[in-house]
Amino acid sequence: MKKLQITSVLIAIIFAIGFIPEVSGQSLTGEQIVEKAYNRATGDDQTSDLTMTLTNKSGNQRIRKIKQFTKDLGEVEKSIMFFLTPADVKNTSFMSWSYDSDQNDDQWIYLPALKKTKRISSDSKSDYFMGSDFTYDDLGDRKLEDDTHKLLREETIDGKACYVVESVSKDEDYMYIKTITWIIKDNFIGLKKEFYDEDEDLLKILSIKKYEEISGLLIITNSEMKNVQKNHKTSMVLNNVQINTSISVSKFTERMMMRGL
Amino acid sequence: MKTKRLILILLLMASQFAIAQNPDISGFARNYTGVLYDNGDFTILQNTFNLDISKSGDKIAFKANPMLYHYNSDSLNLRLRELYLNLYFNNFDLRIGKQQVVWGKADGVFITDIVSPLNLTEFLLPDFDEIRTGVIATKFDYYIGNSTFEVIWMPVITPTETPPESSIWYTAPDFPIAPTFDYSKEYIDPSLKNSEVFVKYSAMTSKIDFEIMGAYTWDDYPTMHIQKTIDPATMQLTGLNITPEHHRLSVGGGSFSTEIKGVILRGEAAYYNGKYFQTEDPLQIDAIIQKDYLHYLAGLDFIIGGVNLSTQFIQQTIFDYDKNIVNEEIDNTMTFMARYDLLRETLHLELFSYIGLTNNDALIRPKISYDFDDSFSILLGSNIFVGDSDGRFGQYSENSMIYAKLKYNF
Numbered sequence: 001m002k003k004l005q006i007t008s009v010l011i012a013i014i015f016a017i018g019f020i021p022e023v024s025g026q027s028l029t030g031e032q033i034v035e036k037a038y039n040r041a042t043g044d045d046q047t048s049d050l051t052m053t054l055t056n057k058s059g060n061q062r063i064r065k066i067k068q069f070t071k072d073l074g075e076v077e078k079s080i081m082f083f084l085t086p087a088d089v090k091n092t093s094f095m096s097w098s099y100d101s102d103q104n105d106d107q108w109i110y111l112p113a114l115k116k117t118k119r120i121s122s123d124s125k126s127d128y129f130m131g132s133d134f135t136y137d138d139l140g141d142r143k144l145e146d147d148t149h150k151l152l153r154e155e156t157i158d159g160k161a162c163y164v165v166e167s168v169s170k171d172e173d174y175m176y177i178k179t180i181t182w183i184i185k186d187n188f189i190g191l192k193k194e195f196y197d198e199d200e201d202l203l204k205i206l207s208i209k210k211y212e213e214i215s216g217l218l219i220i221t222n223s224e225m226k227n228v229q230k231n232h233k234t235s236m237v238l239n240n241v242q243i244n245t246s247i248s249v250s251k252f253t254e255r256m257m258m259r260g261l
Numbered sequence: 001m002k003t004k005r006l007i008l009i010l011l012l013m014a015s016q017f018a019i020a021q022n023p024d025i026s027g028f029a030r031n032y033t034g035v036l037y038d039n040g041d042f043t044i045l046q047n048t049f050n051l052d053i054s055k056s057g058d059k060i061a062f063k064a065n066p067m068l069y070h071y072n073s074d075s076l077n078l079r080l081r082e083l084y085l086n087l088y089f090n091n092f093d094l095r096i097g098k099q100q101v102v103w104g105k106a107d108g109v110f111i112t113d114i115v116s117p118l119n120l121t122e123f124l125l126p127d128f129d130e131i132r133t134g135v136i137a138t139k140f141d142y143y144i145g146n147s148t149f150e151v152i153w154m155p156v157i158t159p160t161e162t163p164p165e166s167s168i169w170y171t172a173p174d175f176p177i178a179p180t181f182d183y184s185k186e187y188i189d190p191s192l193k194n195s196e197v198f199v200k201y202s203a204m205t206s207k208i209d210f211e212i213m214g215a216y217t218w219d220d221y222p223t224m225h226i227q228k229t230i231d232p233a234t235m236q237l238t239g240l241n242i243t244p245e246h247h248r249l250s251v252g253g254g255s256f257s258t259e260i261k262g263v264i265l266r267g268e269a270a271y272y273n274g275k276y277f278q279t280e281d282p283l284q285i286d287a288i289i290q291k292d293y294l295h296y297l298a299g300l301d302f303i304i305g306g307v308n309l310s311t312q313f314i315q316q317t318i319f320d321y322d323k324n325i326v327n328e329e330i331d332n333t334m335t336f337m338a339r340y341d342l343l344r345e346t347l348h349l350e351l352f353s354y355i356g357l358t359n360n361d362a363l364i365r366p367k368i369s370y371d372f373d374d375s376f377s378i379l380l381g382s383n384i385f386v387g388d389s390d391g392r393f394g395q396y397s398e399n400s401m402i403y404a405k406l407k408y409n410f
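Those protein sequence lines, which keep their order, are chains Z and A.
FYI, this note's numbering numbers position 128 of the first sequence as 128, with every residue one higher than the one before it.
FYI, this note's numbering numbers position 53 of the second sequence as 53, with every residue one higher than the one before it.
Don't read these hints as lab results, they were simulated from the structure.
Please note: incorrect hints may appear among the correct ones.
To be verified - Simulated pairs of lysine to aspartate or glutamate, EDC-like, Cα-Cα distance not exceeding 20 Å:
no. : chain 1 : residue 1 : chain 2 : residue 2
1   : Z       : Lys115    : A       : Asp107
2   : Z       : Lys90     : A       : Glu82
3   : Z       : Lys65     : A       : Asp373
4   : Z       : Lys115    : A       : Asp141
Please build the complete structure, drawing on both the sequences and the hints.
Right, here's the structure in full:
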């Protein structure tokens with residue numbers, strides 16, 4: 001009985017030791033923290049209605065509505081967006097295939113007025129998406145190895161204990177020389193992110209306003225990107241989020257881009 | 001006039017019926033005004049109302065797209081750009097009715113894109129979404145993964161629309177005496193025998209997108225059969241009779257686009273078999289001669305400093321060339337496009353140009369547009385024709401203009 005108790009204690013200690021690096025941030029490196037944030041489970045597929053509200057410095061607003069579908073197929077993640085408003089871009093669709101490997105993303109846009117699907121350059125990642133404050137790169141999955149990550153400190157914001165990680169771009173020509181991200185220790189959600197331009201001046205701040213548990217997964221449903229230099233902002237709200245509904249692979253084809261919703 | 005009224009009444013009735021089904025309705029209203037640099041004439045005074053009515057379900061969808069053009073007089077021109085039904089099945093779709101079909105990877109150049117003919121009544125100036133004419137057709141698309149096999153059957157030819165004699169875009173044929181025209185052979189009866197068939201296989205892959213096409217069609221441009229009457233006594237030309245007639249044409253071709261290090265590389269080519277060309281050879285009957293020709297393009301799209309750039313080189317080569325043919329043996333053209341968006345994509349700067357390398361002429365089209373809000377925009381632009389007056393663009397050097405478009409989208 002005593003032998004069994006000792007064995008149980010030893011197993012408990014071994015498990016405890018095994019778990020220490022997972023629960024204690026002190027031994028996690030900046031890269032490990034960002035990796036956990038990047039690899040946070042978001043489901044095999046997702047459907048949602050996206051509303052983007054663009055607010056300029058005078059307070060005037062423009063609204064863009066999009067229906068989007070995403071599916072993770074392992075080596076490749078496919079997504080398709082259907083633009084609902086404004087009227088001049090209605091029925092336009094955008095499809096992207098992102099690869100885990102070094103291969104460039106494949107991107108196409110269907111322009112209903114021209115009735116044509118065009119392959120577009122993935123070099124446009126630094127372009128702003130539909131005139132918003134989000135670049136295509138801000139919306140996509142940036143690769144872990146694109147930056148050098150360093151844990152700066154731990155800090156509590158909005159009552160949540162966070163790791164503060166600085167990520168410096170390895171590409172000198174990249175539009176952000178560095179970013180600083182506040183990552184919640186409990187769930188590895190990036191709660192806040194600061195983007196610095198080539199002069200190392202603060203350019204934009206991304207704030208997560210709301211995240212929800214949907215189908216057992218934490219999904220960011222309300223975020224805001226503010227350009228502090230030009231004093232305009234974009235809010236992004238997700239509604240009708242559905243996770244793991246087994247979206248068919250055939251959704252991510254030219255047929256569906258042209259057919260629309 | 002009665003026919004127009006009837007069409008309008010039918011359109012209104014159809015709209016009422018469609019609205020009762022709660023369809024999606026969108027469109028635009030636009031004012032378009034153009035002034036010639038040469039003499040200050042308002043060459044374009046046009047108001048346009050475009051209505052796009054559609055309803056889509058899992059198995060069936062319909063679309064109606066009437067466009068109403070109002071000109072400086074009270075004249076109205078109603079165009080039904082599209083009116084079709086879509087039937088969706090598991091692996092294939094069927095589209096029946098009047099429709100516009102766009103093929104190929106070229107921008108502003110029509111090589112394999114020959115299903116929907118062009119409306120050239122205002123030369124190449126209308127937006128590319130308005131320059132095509134709808135065709136009455138049945139389109140069958142069969143899908144295998146990311147590839148599509150497409151067959152289009154057209155029971156009736158829809159010819160290319162050319163400018164009327166009153167238009168500034170009309171180019172009068174250069175004849176020593178005034179010709180007479182016989183249009184009796186221009187019309188082709190819709191029948192099975194006279195049908196047009198187009199087939200295409202296309203695929204969209206992670207490495208490359210490509211299309212392979214073939215067509216047994218009619219030449220959308222009528223061939224001018226010219227019969228001369230010569231006085232045997234004086235050997236002088238005394239009569240000239242011109243009979244426009246469409247002829248059969250077989251076409252095979254393909255296109256591709258791929259990305260290489262952030263640059264989109266595009267290519268497109270078509271081989272036209274049995275096209276009739278005008279000739280000055282006196283031994284050729286009706287002053288025409290049949291030849292094959294190749295039309296191809298290579299293009300690049302890239303981004304530098306946030307500016308979207310695109311350039312294309314286009315060549316048209318007539319095989320087994322005869323020096324009496326009116327067209328050049330080799331005709332080279334380039335296009336260039338630059339576009340830059342500012343102020344959170346509300347201010348757009350664009351420059352598009354065709355450059356004729358064979359005749360050293362060009363059409364240069366700068367424009368600037370501003371979106372006041374999500375529905376209202378203003379565009380200021382210019383169409384500048386320069387170069388050799390024998391060239392395709394240089395011949396219109398007196399038609400250079402400045403124009404404005406006010407547009408409300410709904």
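Hint-by-hint comparison with the structure:
| no. | hint | verdict |
| --- | --- | --- |
| 1 | Z:Lys115 with A:Asp107 | holds (12 Å) |
| 2 | Z:Lys90 with A:Glu82 | holds (17 Å) |
| 3 | Z:Lys65 with A:Asp373 | holds (15 Å) |
| 4 | Z:Lys115 with A:Asp141 | holds (15 Å) |
Checked against the numbered hints above, the structure breaks none of them.
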